[in-house]
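Asks: So the chains spell out like this:
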Amino acid sequence: MELEQYHFEEAEKAKKAVREAQVAQQRQKYGMLTKVVLYAFALIFLLFSLVPIYLIVSSSFKTDTQIFAIPPVFVFKPTLDNYRIALTGGTSQVSYVINSLVVSIASTIIAVIFGAMAAYGLARFEFKGKNDLAFWILSTRMAPPIAFIVPMFVLIKSMGLLDTWWALIIMYTGMNLSFSIWILRGFFLDIPPELEESALVDGYTRLQVFTRIALPLVKPALAAVAVFSLIFSWNEFLFALILTQSHSKTIPVGIQGFSSSMGINWGPFMAVAFVAILPILIFTFIMQRYLVRGLTFGAVK
Amino acid sequence: MAEVNMQSLWKIYGGTVEAVKDLNLVCRDKEFLCLLGPSGCGKSTTLRMVAGLETVTNGRISIGGRDVTMAPPKDRDIAMVFENYALYPHLTVYDNIAMPLKVRGFSKAEIDQKVQHAASILHMTDLLDRRTVRLGGGQKQRVGIGRAIVRNPAVFLMDEPISHLEAQLRAQMRVELKRLHIEVQATTVYVTHDQLEAMALADRIAVLNFGVLQQVGTPTELFDQPANQFVAGFIGTPPMNFVQCHLEQEGDDLYARGQGFSVRLPADKRRKLLADGGNETLVLGIRPMDVRISREQRDDTPIATETFVYEPQGETCQATVRLDDQLISIETIGDFFTQAGEQVWIGFDTSKLHLFDSRTGKNLAI
Numbered sequence: 001m002e003l004e005q006y007h008f009e010e011a012e013k014a015k016k017a018v019r020e021a022q023v024a025q026q027r028q029k030y031g032m033l034t035k036v037v038l039y040a041f042a043l044i045f046l047l048f049s050l051v052p053i054y055l056i057v058s059s060s061f062k063t064d065t066q067i068f069a070i071p072p073v074f075v076f077k078p079t080l081d082n083y084r085i086a087l088t089g090g091t092s093q094v095s096y097v098i099n100s101l102v103v104s105i106a107s108t109i110i111a112v113i114f115g116a117m118a119a120y121g122l123a124r125f126e127f128k129g130k131n132d133l134a135f136w137i138l139s140t141r142m143a144p145p146i147a148f149i150v151p152m153f154v155l156i157k158s159m160g161l162l163d164t165w166w167a168l169i170i171m172y173t174g175m176n177l178s179f180s181i182w183i184l185r186g187f188f189l190d191i192p193p194e195l196e197e198s199a200l201v202d203g204y205t206r207l208q209v210f211t212r213i214a215l216p217l218v219k220p221a222l223a224a225v226a227v228f229s230l231i232f233s234w235n236e237f238l239f240a241l242i243l244t245q246s247h248s249k250t251i252p253v254g255i256q257g258f259s260s261s262m263g264i265n266w267g268p269f270m271a272v273a274f275v276a277i278l279p280i281l282i283f284t285f286i287m288q289r290y291l292v293r294g295l296t297f298g299a300v301k
Numbered sequence: 302m303a304e305v306n307m308q309s310l311w312k313i314y315g316g317t318v319e320a321v322k323d324l325n326l327v328c329r330d331k332e333f334l335c336l337l338g339p340s341g342c343g344k345s346t347t348l349r350m351v352a353g354l355e356t357v358t359n360g361r362i363s364i365g366g367r368d369v370t371m372a373p374p375k376d377r378d379i380a381m382v383f384e385n386y387a388l389y390p391h392l393t394v395y396d397n398i399a400m401p402l403k404v405r406g407f408s409k410a411e412i413d414q415k416v417q418h419a420a421s422i423l424h425m426t427d428l429l430d431r432r433t434v435r436l437g438g439g440q441k442q443r444v445g446i447g448r449a450i451v452r453n454p455a456v457f458l459m460d461e462p463i464s465h466l467e468a469q470l471r472a473q474m475r476v477e478l479k480r481l482h483i484e485v486q487a488t489t490v491y492v493t494h495d496q497l498e499a500m501a502l503a504d505r506i507a508v509l510n511f512g513v514l515q516q517v518g519t520p521t522e523l524f525d526q527p528a529n530q531f532v533a534g535f536i537g538t539p540p541m542n543f544v545q546c547h548l549e550q551e552g553d554d555l556y557a558r559g560q561g562f563s564v565r566l567p568a569d570k571r572r573k574l575l576a577d578g579g580n581e582t583l584v585l586g587i588r589p590m591d592v593r594i595s596r597e598q599r600d601d602t603p604i605a606t607e608t609f610v611y612e613p614q615g616e617t618c619q620a621t622v623r624l625d626d627q628l629i630s631i632e633t634i635g636d637f638f639t640q641a642g643e644q645v646w647i648g649f650d651t652s653k654l655h656l657f658d659s660r661t662g663k664n665l666a667i
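As you go down the protein sequences, you meet chains A and B in turn.
Heads up, the first sequence is in our numbering, so the first residue is 1 and it goes up one at a time.
Heads up, the second sequence is in our numbering, so the first residue is 302 and it goes up one at a time.
To be clear, the hints were calculated from the coordinates, so they are not data collected in a lab.
Don't be surprised by glycine CBs; every beta carbon is placed ideally from N, CA and C.
One should not assume that every hint holds.
Derived DSBU-like pairs (lysine-lysine); straight-line CA-CA distance at most 35 Å [stated by the list, open to error]:
id, chain 1, residue 1, chain 2, residue 2
1, B, Lys403, A, Lys219
2, B, Lys415, A, Lys219
3, B, Lys479, A, Lys13
Beyond 10 Å from chain B on every Cβ pair, some chain A residues (computed) [said to hold, decoys possible]:
id, residue
4, His7
5, Leu33
6, Ser58
7, Gln66
8, Leu138
9, Ser158
10, Met159
11, Ile280
12, Tyr290
Just chain A, same shape as in the assembly (with noise of 0.2 Å):
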């Protein structure tokens, strides 16, 4: 046994060897010039990524002359009156940030539920109509959301939810469950199946083997599909503008406000996109470990 484990080991270290030695090669393959333009072209990507970002948060704490200042001013006293503007008295965004959180949240929570479920059940079951149903499911997402955003209307507000969190949280779901779904079920079908009935000959029942060996096995996934659909459901617009009024406005619509046929009010609008922005950054940061940990399983072989 010894004998045969140490072969093992030793085999798995010369692979590793071997493939170091290739890397290294690789590298070395690349000049000087290569390397100039490569560089060039990740810092192109970096200021087109960057700089918004940049200017959302240095405008943030910039008075309005500040801001349009010619040349542009990087050393100043920075100011917390767009907050003061944006988050206090007649104009606050802080119920529109709650509405917002509550409806991204609740619908991510309920589309990754129940996307698991659905795609467990697409993945493994043989059922009539089964890629019908899974190419049904894909389809709702086909048109452009402003086609069906009239329809969409008439039946929320005949249902009395019009300007209440339940109406963005069914229409969030509705949206992100065909990508949950999808993402999914292509996990679900990458887990070998024995290992599965292996699960069930050692006496777990089904349910028990979806929530103690599957889901487990796809938690990259499920972050991956969590944090797609709160990104989608936190900065959707159409939807939101249409059917809140006043009560469950979101934050994308709340920014919007700050535009109005008397001008932009550029201050407090920058303030309100940045705390826009952080929620989906801390939480993205939080899930950033699942995402990229524990893709490859190697059950098999």
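Since chain A is already given, all that's left is putting chain B on it; use the hints.
Replies: For chain B alone, coordinates are given in the frame of chain A:
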């Protein structure tokens, strides 16, 4: 421990594909029964029906006298070892082996004692706290077997447990499996497509083809008295030679004649063949080890042939000769040597030859 009883078992997929047809088979208490056959013959489906992982279209399965046809896998008191190990990748060896006990609510101390015992049987006590992804194939399967024996179930079901391993390791694991069965004495149903494995391990072998049971018997029975041409060709390496022939009667003697040869049949075979009603076109089957070969024409090597290839294999050697337009392989022992193109003489050991119905494949001489 218990007996597994399959009664007129059918499995039909999608209303049309018949995977298992009317299977009647018993795995006796403490017996090691191999289900043997080529891929797609229904052997795995049969095992999975016994495990409860596949529904039964028709028929009955009982384990230890209890009808389990409709019971879920967990209520059948079975353990299963899978071809691709099916270990929980996120758990250690210890936790993998302990899993079936944990699920069934054994106490911690009891679990520990049983896991240690199973690990010691499989010689892997020093690997218990390893993650299973960091094990070689042989050891992964040892963990799989550990997970099966730890619960002491009524029946072991093994689905090609060692066919993923490389040849050398497979031979070693075969020995271990056989020894394990001697020690644990568990009723075992074992699926394999490797006839050598089946011959080496099984008390009895059930050969399946196209979902139909061909023959059940001990390895020797299958080897010496194959029920039909399929079983005869499937069991034994190198495989049995088959040549077309027909029967001719001359006086009291019955001859099997084909292209380039004529063999006088021994009295006992003659009687059976004549009783059968004189089916005239037949397939003559003879194992490579039952063909004699010589460089000169002798009484026991009357058939003239030409060497096609000659393969030395150490202990034995294999010569393939051309008899008219058919190839016949011969296993030779000792220092016989020939080379391609050379004329050699062969003869059949008539007491060991088989005659099969050319249409049904049925063995006419037993």
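Asks: Is the claim that Leu138 of chain A lies outside the interface with chain B correct, judged by CB distances over 10 Å?
Replies: holds, 25 Å
Asks: Verify that the Cβ of Met159 of chain A lies farther than 10 Å from every Cβ atom of chain B, and report whether the claim holds or is violated.
Replies: Its Cβ never comes within 10 Å of chain B, the nearest being 42 Å, so this holds.
Asks: Does the claim that Leu33 of chain A lies off the interface hold, with its Cβ farther than 10 Å from every Cβ of chain B?
Replies: Holds, since 41 Å exceeds 10 Å.
Asks: Please confirm whether Ser158 of chain A is truly not at the interface, meaning its C-beta sits more than 10 Å away from all C-beta atoms of chain B.
Replies: Answer for Ser158 of chain A: holds, closest chain B Cβ roughly 44 Å.
Asks: Holds or violated: Lys479 of chain B with Lys13 of chain A, Cα cutoff 35 Å?
Replies: holds, 32 Å
Asks: Is it the case that Tyr290 of chain A keeps its Cβ farther than 10 Å from each residue Cβ in chain B?
Replies: holds, 13 Å
Asks: Is the hinted pair Lys403 of chain B and Lys219 of chain A satisfied, with a Cα-Cα distance of at most 35 Å?
Replies: holds, 23 Å
Asks: Hey, does Ile280 of chain A actually stay past 10 Å from chain B on C-beta?
Replies: About 29 Å separates Ile280 of chain A from the closest Cβ of chain B, which puts it past 10 Å; holds.
Asks: Does the claim that Ser58 of chain A lies outside the interface with chain B hold up, using a Cβ gap greater than 10 Å?
Replies: holds, 45 Å
Asks: So is His7 of chain A really clear of chain B, every C-beta pair being over 10 Å apart?
Replies: Check fails; 7 Å does not lie beyond 10 Å.
Asks: Does Lys219 of chain A lie within 35 Å of Lys415 of chain B when you go C-alpha to C-alpha?
Replies: holds, 31 Å
Asks: Measuring Cβ to Cβ, find out whether Gln66 of chain A lies farther than 10 Å from everything in chain B.
Replies: Correct as stated: the minimum Cβ-Cβ distance to chain B is 54 Å, above 10 Å.
Of the hints listed earlier, the one the structure fails to meet is number 4.
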